[in-house]
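> Quick note, the sequences are listed as chains A and B, same order.
One gets our numbering by counting positions in the first sequence from 1 and adding 609 to each.
One gets our numbering by counting positions in the second sequence from 1 and adding 79 to each.
Hint data in this document are derived by calculation from the structure and do not stem from the laboratory.
Just so you know, not all the hints are guaranteed correct.
What the hints assert, rightly or not - Label pairs and their calculated CB-CB ranges:
id: 1; chain 1: B; residue 1: Asp99; chain 2: A; residue 2: Asp706; range: 30 to 36 Å
id: 2; chain 1: B; residue 1: Gly123; chain 2: A; residue 2: Thr769; range: 54 to 60 Å
id: 3; chain 1: B; residue 1: Ala107; chain 2: A; residue 2: His779; range: 38 to 44 Å
id: 4; chain 1: A; residue 1: Pro618; chain 2: B; residue 2: Ala94; range: 54 to 60 Å
id: 5; chain 1: B; residue 1: Ser142; chain 2: A; residue 2: Lys635; range: 49 to 55 Å
id: 6; chain 1: B; residue 1: Gly140; chain 2: A; residue 2: Lys679; range: 34 to 40 Å
Said to hold, decoys possible - Lysine-lysine pairs mimicking DSS-like chemistry, simulated, CA-CA at most 25 Å apart:
id: 7; chain 1: A; residue 1: Lys691; chain 2: B; residue 2: Lys112
id: 8; chain 1: A; residue 1: Lys704; chain 2: A; residue 2: Lys635
id: 9; chain 1: A; residue 1: Lys771; chain 2: A; residue 2: Lys737
id: 10; chain 1: A; residue 1: Lys737; chain 2: A; residue 2: Lys679
id: 11; chain 1: B; residue 1: Lys192; chain 2: A; residue 2: Lys704
id: 12; chain 1: A; residue 1: Lys679; chain 2: B; residue 2: Lys192
id: 13; chain 1: B; residue 1: Lys185; chain 2: A; residue 2: Lys672
id: 14; chain 1: B; residue 1: Lys112; chain 2: A; residue 2: Lys635
id: 15; chain 1: A; residue 1: Lys685; chain 2: A; residue 2: Lys672
As the structure is a prediction and not an experimental result, all values here were calculated from the model.
Note that CB positions come from ideal geometry on N, CA and C, so glycine has one too.
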Amino acid sequence: MHKAQDYYPECPEVFLVSLARTGDRKAFAELVQRKQSSIRNLMRRCCNDYTLADDLTQQVFLKVWLGLRKLREAVKFNGWLKRVAVSVWLQHIRKKDALGGAGEMTGNELPQHDTTGMVLDLDRALVKLPNPVRLCVVLSYHEGLSHGEIAKLTHMPLGTVKSHIRNGSHQLQQLLSAYGAPTEVQN
Amino acid sequence: MITDNQDQLLQSVFAEARQDLDGEALTARVMAKTRRLLYLLAAGGLTLAAFVLVGTWLIFGLSLLEFAVLISQFLTMTLVDLGEGWLALVFMPVNTIASLFIVTAKALHLGWKKMVGASFKS
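Here chain A stands alone, though its shape is the one from the complex (with noise of 0.2 Å):
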């Protein structure tokens, strides 16, 4: 006989949510499963670092965790996934900084097995800008939120964050130039 649970990786996100608010855990798997991939790639490119990537991505789920049940839309899931996946990178970047201006990656870090070159450029020109530079672009490139809702996100003014967006992709786009002749800006 089926268990409900068996039923799980054909569910839709919001009643996985919902159970997940209930305590059900198997449902909360089952959600990390869906979402491991999505913060981690996010965690990737923000900190260059595979190990601490993953370790940022459990606290991340953890702090999901705990935090579910206030949680009142079921239906907002992806976007508070979001706030708190940056909210704990902050606070590490916080930390870091806190012990002694730590906060920029060496790139000495980077990973040596299981990506493709593109991967390692990319990951490698990320870590030649400032952290703040780096999160907005991450977050509009790889997450794809537009500029308000990255200065939301971030509690940055507007300004800043289009400013380092604009400083940011000058940056990649002459890192990156191999990958392709720089294209103009769309609007």
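Given chain A, work out where chain B should sit, using these hints.
Quick look at chain B alone, frame taken from chain A:
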């Protein structure tokens, strides 16, 4: 979702860099941590409850106990001194202040019922 102003080259590089990562191990680690967190929260809650109970007992326990002893001593005081013979043993359950209270309460209850019943009749 297309964002404000985006460069096509960067868009394509970021899109290609997005990998579909296998999450079995990570999910297992997260779930193990949530389990540990649940145990920790439960242990924390139990410890807090124990501290509150012990604290309450330390603050109010002794005085409450003394009060309870005084009350029980008062209620078991004999009404009529019947000595220590068999008569005292037979009447012991009803020869206390507590039994006086019970009898009084019962009488008041009956009287009240009679009064109320009488008023309804009239």
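> Identify every previously stated hint that the structure contradicts and give their numbers, smallest first.
2, 4, 8, 10, 11, 12, 13
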